[in-house]
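Spelled out from the first residue to the last, the chains are:
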Amino acid sequence: MPHLSSDATPTPGWNHRHLLDLERLSGDEIRLLLDTAARFKEATDGCRRKLAVLTGRTIVNLFFENSTRTKTSFALAARRLGADVVDFSASGSSLSKGESFIDTAKNLEAMGVDAVVVRHATPGTPHLLAQHLDVGVINAGDGPHEHPTQGLLDIFSIRERRGDLAGVTVGLVGDIAHSRTARSNLWGLLKLGAKVILCGPPTLVSSRWREVGVEVSHDLDAIVPRCDVLNLLRIQFERQNTRPFPSVREYAHLYAMTRERLKRARRDLLILAPGPINRGVEVTADVADCPQSLILDQVTNGLAVRMGVLWLICGPREDASIETAATPAEGRFV
Amino acid sequence: MGTLLIRGGRVVDPSQGIDRLDDLLVRDGLVVAIGNDGTQPIGRADETIDATGLVVAPGLIDMHVHLREPGREEDETIESGTRAAIAGGFTSVACIPNTEPPIDTQSTVEFIHQKAARADTCNVYVVGCVSRNREGKELADIGQLVEAGAVAFSDDGAPVYDAELMRRALEYCRMFDKPILAHEEVLELSRGGVMHEGLVSLLLGLTGMPAAAEEVMIGRDIALAEVTSGRLHVMHVSTAGGVALIRAAKARGARVTAEACPHHFTLSDENLRGFDANFKMSPPLRTAADVEGIIEGLADGTLDCIATDHAPHAREKKMLEIDRAPFGILGLETAVGLSVTRLVASGRIGWPRLVEAMSTLPAKILGIARGTLRPGAVADITIIDPQMTWKVDVRSMQSKSVNSPFDGWTLQGRAVATIVGGRVKHRLGGP
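For the protein sequence lines, the chains are Z and R, in the order given.
If you're matching positions, the first sequence starts at 41 in my numbering and goes up one per residue.
If you're matching positions, the second sequence starts at 21 in my numbering and goes up one per residue.
Chain R on its own, in the form it takes in the complex (with noise of 0.2 angstroms):
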C-alpha cells in the first residue's frame, strides 16, 4: 500500500491530547507517526498531500446513520449512504436497524458486513435490535448478535416501549458492556404529530409533539439505567429539558451518554411555517431555547457526541402533505458544515471538541477501535478545510434520496479528504 504523508496540517486528536502543526505519516494503511520520526524522509513518501490551513482529525464516526438496506433500497442502499459517509467527511458508520427486515440474526448482520465489503467505502459497524423483530416483546438474541459483530442495540425508529424489557435489556448488555442506543418517546403524548407542540404548531395548526413526550422517556430510561447501572445511550436529544436530565444524571454518576443532531442546534420549529416536509423529523424541531440548549450541552459535554441520524426517504415521500410525508432528514453530507459553522465559526467550541464530538467518543461509546491517530492506529484520517465555504447543492449530493432542507444553504467548512485504512476515499479540488 505504501506511504502517504500529510504535511503541515493542524492536526487535532482529543485521545492523545494533541493540537498542533505538524506532519502525519501513514505507511501500510496505519498511522506510523505524527511529526516526522526520521524513518521516512517526507520526499521519499509515495503520496503527499499538503494539509497546510487544513485540519487533519482521526476519521469521523457518524453512530446513527439509517442505510435502508435491506428493504428500503428506493431511499438508501448500502453503497449510496457509504459513498454519501465518505462525502461528508465520515469514516465509519453504525447503521440503525429498523430495516425490513430488521436487523436480529446473525445473518442479517453478515449481510450487512457483506454489502459494506463490497461497497468499499467506508467502515460500516451494525447496531442489532434490542427486541427480536423490533417488536419490543422480547429480547433479540443479542449475544449472538455481539458474536457477529453488532456494536450496539437499538429499536430505535420507536422506543422500546415495554419499561421491563428495557430494563432487561439494559442488565443483559452488560455483560458485553454494549450500549442501549434509545429513541426517547412517549408515543400517547405525541400521538398524530408532525412538529414540535409550540406557539408555531399552535399558530399552524398542525398537531404537536411536546416536549414532554421525549422528556419523560428519558426520565424514565435513565432511572432503569441507574438502577441496573447499564449502558443508556440516548439518541438525538433536542430539548433543553432533556440535556439538564442527562447533565444531572451524569453528576450523580449514572452511565449515560448522549448525542445532538446537526438539525437540532441549527433549525427550530419556526421553520415550519412554510408546511415544508423536509423540515418534519422526529423527534421534531423544537424552539429556538432548546436550540441553544442543545448547543450549551455539546460544549459543556453532557451531550457527548454529534451524530446525523441520517434518515433518507424518496423525494416523492416528502412532497406530501405534511402529516402524510415521513420523519427524517439527510445528515452525512452536512454533518461537518453545519457543526463548523453552528459550533466552531460562531466561537460555541474548539476544534479538539468538534473533533471529540465527531470522533473520538463515538467510537469509545461503540467500543470500536477508532477515533484515534496514535502510531499503530488503522489510518482513518479526516483532513478538513476549516475556512472553505459552499454551497448545499442537493443534486450534487451522494444519497439516493434528494432533498434537504439545507438545500441551497451556505456553510463554512467542509472535508476535502477522507482516508479510509490508509486509502484516500474521497477527495475534494487538489491533487
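The shape of chain Z in the complex, shown without the other chains (with noise of 0.2 angstroms):
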C-alpha cells in the first residue's frame, strides 16, 4: 500500500500533472491510483461518509458532451474530499458564441481552479488543454480515445473480487472501436497482466488490435467458457458514421450476453458493463441483474477512483492525510 504522507511533499511513485490516459502509465503506477482508491473507499465507510482533504480546493466538471452519471460521479467524489465543485457545460456557454475551447479552459483557470475534468467529444482534447493550462487536467472521456477512470474503476471491481490481475482473462465484448471504455480497460488490464480478448463483429474489432497483445474473436460463445470476467459495452450508435452491422437484432443474436450463453460460462464469471447499459443489446435483464454482475459495484467503486484520482492530482493539503482526516474526534468531517 503507498504511503500518503501528511506533508505537502507529492504522493511517492506519482509524478503525473495530469490524468490523460492509460496507455502512457507503468503497472506501478496504475497499481498506485487503484491502491489509493482503496483506501479512500476503506476511510470513507464504502464511499458513504466524507473526509475533509481537498478543503477550500476547486474543481471544474468542463464537459463538452452530455454525461450525467460520469460528472455527478465525479462531483460527489470531490465533494467527499471536502472540495469545491463548479459545472461548467458547453450548451448555453460562450462556446456557442465561438470561443474556442481553449480559451473557455484559460479563463477557467484564471478564476483559479486547481483541477479541469473534462469531457469532449474529441480524442485528444484533455492532450490539448494540458498543453494550455497550468492546472491539472483529468480526462472523463475524450471520445473513443480513453476514458482512464472509467477503466480504472473496472479493473478496481474485478480486483476487489479476484485479487491479483495477474492471468485473469478479461472479454471485452462490443463496440470496441468507439469505446473509450476498452481502450482505458485494454491498457490498463495489460499492464496488470491481464490476457484480454475484444469481441465483436469484425466492422467494430480491427484485427489490428493482435498488434498490441490482445486477443481477437469474433465468436462470442468461444470465448464465454475461457473467460473469468465479460465486461459488456454499448453499442455507440451516436459515434457511428455507418452502420457497422445490419440490424441490432442480428445484432444482439450474436453478441448479447443471454441466460443461455451465462449457462456455458465458468460460473465464477464476473460480469461488468459500463453503463447505461442497452438491455436487449449487449446484455438482457436477467443477466444484468444476476449475482455475478457488478454493475452496481461499479457505481461505488467509481466514487473511490475518481476520490484517488482527484487527490493525487490536487495534491495533499499540508495538514491532511487520509489517516487523520479518516477520524471522527478530530472533526474533519465537513
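Rather than coming from a laboratory, the hints here were simulated on the basis of the structure.
Quick caveat, the model's predicted, so the values are computed rather than measured.
Among the hints, erroneous ones may be present.
To be verified - Derived coverage of chain R by chain Z (criterion: at least 3 residues anywhere in the stretch with Cβ under 8 angstroms from a Cβ of chain Z; other residues may be distant):
#: 1; region: 218 to 226
#: 2; region: 332 to 343
Unchecked claim - Derived contacts from chain R toward chain Z, CB cut-off under 7 angstroms, selection only:
#: 3; residue: R211
#: 4; residue: G212
#: 5; residue: F295
As the list claims (entries may be wrong) - In the SDA-like style, the derived pairs of lysine to any residue whose C-alpha atoms are separated by at most 20 angstroms in a straight line are:
#: 6; chain 1: Z; residue 1: K90; chain 2: Z; residue 2: T340
#: 7; chain 1: Z; residue 1: K146; chain 2: R; residue 2: E336
#: 8; chain 1: Z; residue 1: K235; chain 2: Z; residue 2: R279
#: 9; chain 1: R; residue 1: K411; chain 2: R; residue 2: A365
#: 10; chain 1: R; residue 1: K445; chain 2: R; residue 2: M21
#: 11; chain 1: Z; residue 1: K146; chain 2: R; residue 2: L340
#: 12; chain 1: R; residue 1: K337; chain 2: Z; residue 2: I142
#: 13; chain 1: Z; residue 1: K146; chain 2: R; residue 2: M339
#: 14; chain 1: R; residue 1: K337; chain 2: Z; residue 2: R266
#: 15; chain 1: R; residue 1: K337; chain 2: Z; residue 2: A78
#: 16; chain 1: R; residue 1: K384; chain 2: R; residue 2: Q36
#: 17; chain 1: R; residue 1: K337; chain 2: Z; residue 2: D127
#: 18; chain 1: Z; residue 1: K111; chain 2: Z; residue 2: L148
#: 19; chain 1: Z; residue 1: K303; chain 2: Z; residue 2: D268
#: 20; chain 1: R; residue 1: K384; chain 2: R; residue 2: D197
#: 21; chain 1: R; residue 1: K337; chain 2: Z; residue 2: D143
#: 22; chain 1: R; residue 1: K445; chain 2: R; residue 2: D48
#: 23; chain 1: R; residue 1: K337; chain 2: Z; residue 2: A161
#: 24; chain 1: R; residue 1: K270; chain 2: R; residue 2: G321
#: 25; chain 1: Z; residue 1: K231; chain 2: R; residue 2: L219
#: 26; chain 1: Z; residue 1: K231; chain 2: Z; residue 2: G253
#: 27; chain 1: R; residue 1: K411; chain 2: R; residue 2: D427
#: 28; chain 1: Z; residue 1: K90; chain 2: Z; residue 2: H58
#: 29; chain 1: Z; residue 1: K146; chain 2: R; residue 2: R335
#: 30; chain 1: Z; residue 1: K146; chain 2: Z; residue 2: L173
#: 31; chain 1: Z; residue 1: K231; chain 2: R; residue 2: L222
#: 32; chain 1: Z; residue 1: K146; chain 2: R; residue 2: K337
#: 33; chain 1: Z; residue 1: K303; chain 2: Z; residue 2: P265
#: 34; chain 1: Z; residue 1: K111; chain 2: Z; residue 2: D124
#: 35; chain 1: Z; residue 1: K235; chain 2: Z; residue 2: D261
#: 36; chain 1: Z; residue 1: K235; chain 2: Z; residue 2: R250
#: 37; chain 1: R; residue 1: K337; chain 2: Z; residue 2: T144
#: 38; chain 1: R; residue 1: K157; chain 2: R; residue 2: Q134
#: 39; chain 1: Z; residue 1: K235; chain 2: Z; residue 2: N147
#: 40; chain 1: Z; residue 1: K231; chain 2: Z; residue 2: A78
From the three backbone atoms N, C-alpha and C, an ideal C-beta is built for every residue, glycine too.
Combine both chains into one complex, guided by the hints.
Given below as C-alpha cells:
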C-alpha cells in the first residue's frame, strides 16, 4: 500500500500532473491509483462519508459532451473530499458564441481552479488542454479514445473480487471501435498482467488490435467459457458514421450476453457493464441483474477511484492525510 | 538591367544534362551562357555572386500552392505567399483554384495575374477549375481559361467525383495539351476521417482515412486517362500502393505524371500521437512503409516531381480540436531543407534528380518555358547551400499562417539566393 503522507510532498510513486490516459502509465502507477482508491473506499466507509482532505480546493467539471453519471460521480467524489465543485457545460456557454475550448478553459483557470475534469467528443482534447493550462487536467472521456477513471474502476471492481489481475482472462465485448472504456481497460489490464480478449464483429473489432498483444475474436460463444470476466460494452450509435452491422436484432443474436450463454460460462464469471446499458442489446435483463453482475459495484467504486485520482492530481494538503481526516474525533468531517 | 555573374558554383541543369563546376552569366534578365564564353570578362559584370560550394539550379517551381486569395486572405495572400515562395527558393508557383470565388473565369485569372504583378516577387501560374464553380457538375470554360493563361486544371481540395465528368475533362483538355491535376479520394471511405487509418488511429480512437480511399480513385483516374489518352497528373501521392499503381500505368505507356509532398516523405501517422492539428493534412500522413514507398517512387522517377501542397490556415484555426481543425500544412519555406535532408543528404537521390523533380519536370508538366538554364532562357535561378544547417522558426516565416509541424526542426540545405528574371529577389547572408 502506498504511504499517503501528511506533508505537501507529492505521493511517492506518482509524478504526473494530469491523468490523460492509461496507455502511458506504468503498471506500478496503475497499482498506486488502485491502492489509493482502495484506501479512500475504506476510509469513507464504502464511499459514504466525507473526508476533509481537499478543503479549499476547487474542481471544475468541464463537460463538452453530455454526461450524467460520470459528471455526478466526479462531483460527488470531489465533495466527499471537501473540495468545491463548479459545473461548466458547453451548452449555453460562450462556446456557442464561437469561443475556442482552449480559451474557455483558460478563463476557468484564471478563476483560480485547481483541477479541470474534462469530457469532450474529440480524442486528444484533454491532452491539448494539458499543454495550455497550468492546472491538473483529468480526462473524463475523450471521444472514443480513453476514459481512464472508467478503466480504473472496472479493474478496481475485478480486483476486489479476484485480487491480483495477473493471469485473469477478461473479455471486452461489443463496440470496441468507438469505446473509450475498451481502450482504457485494455491498457490497464495489459499492464497488470491480465489476458485481454476483444470480441465483436470485424466492423467493430479491428484485427490490428493483435499488434498490441490482445486476442481478437468474432465469436462470443467460443470465448465465453474461457473468460473470468466479461465487460459488456454499449453500442455507441451516436459515434457511428454508418451502421457497422445489419440490424440491432442480428447484433443481439450474435453478441448479447444471454442466460443461455451464461450457462456455458465459468460459475464464478464476473460480469461488468460500464453503463448506461442497453438491456436486450449487449446484455439481457436477467443477466444484468444476476449475482455475478458487478454493475452496481462499479458505480460505488467509481467514487473511490475518482477520490483517489483527485487526491493524487490536486496533491495532498499540508495538514491532511487520509488517516487523520478519517478520525471523527478530530472533527475533520465537513 | 545589366549583367550578373554567378561564379564557381556547381551548376546542375538536368534539361541540358549539365552537372559541373562552372560560372553562369546573366544579361538583361536572360541566361547568356554557362561557362565563360568570352563575351563578358569576369571582372566587368555589374554584379557578382560567389557560388563556391553552392548548387546553382534553374529556378525551383512549386506546381501545387494554395495562395488563398481571393477569399481567404486571413490565411494567405498572393503577396505573402509569393514572398514565402522566394524565401524558400521558388521562382515560380502554380496556384490552385479552390479560392472564393474559385478560379473558373477569365476575369479571376486576370485578377491573380494582376495581383502577382503588383507583388512583383515570383512568377505565378494559374491553375483553372475543372468544373464550373468547382461544383463537380459541368466543365468550366476551359478553352477560355487557357486563353487567359491557365496552365492546368484542377478541382483540388476535392476530387472530380463524377467519373463521367472526369473522363470528359481528360478528353477535352487534350486539344490544349493541358493536364488535369487530380486530388484522389473516395469521399465515402474517408468520411469523418482526420488521419490515416491504421494502428495509430485505432489506438487514438480517431476516425481513419484508409489508403484505399486514395488508391481506388487513383485507379479510376488512370483507367480514364488510358481510355481518353488524356493527361493525368496525380497530386500529393501519399501511399506506397498509389506509387505502385502509377508505376504500372507508366509502364503501360499511360500519360500519367505524379507528385509527392515533402511532408509525405518525412512524417508518418506516428506523428499524430500528440493530437497536434499541425500534423493534420489531406491526404493524411501515412505509415513508415508508405514514406519509404514515396521515397522509392521519387528515386526511380515514378513520382516525377516534388510539390508542397502549401496550404496555409491561420494559427487559431489549427489550435482547435483535431476533428474541427482544417487540413493543411505550410510547404514553401521548408521544401528545400526537407528534400535535401531526407533525400539528398541521406543518399537516396542525387542533386540532378532533385533539381529535375523541383524544376525541370514541373516546368515540363505545366508546359511553361522555365526550368532550364539554356542560353536565351529567362534567368530564373535558385542557388542552394547544400551544407547549411538551419533551424525552422515559424515566427520568422513569410507566410501569413504561423504554424508548421517542423517548427524547431534542424534541416540541412537552404536556398541562399532566389533570382527571378535576372533580378535577385531573395538573398540570405553575404553581399
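Could you tell me which of the hints above the structure violates, numbers in ascending order? Result: hints 8, 14, 15, 17, 28, 38, 39 break, sorted rising.
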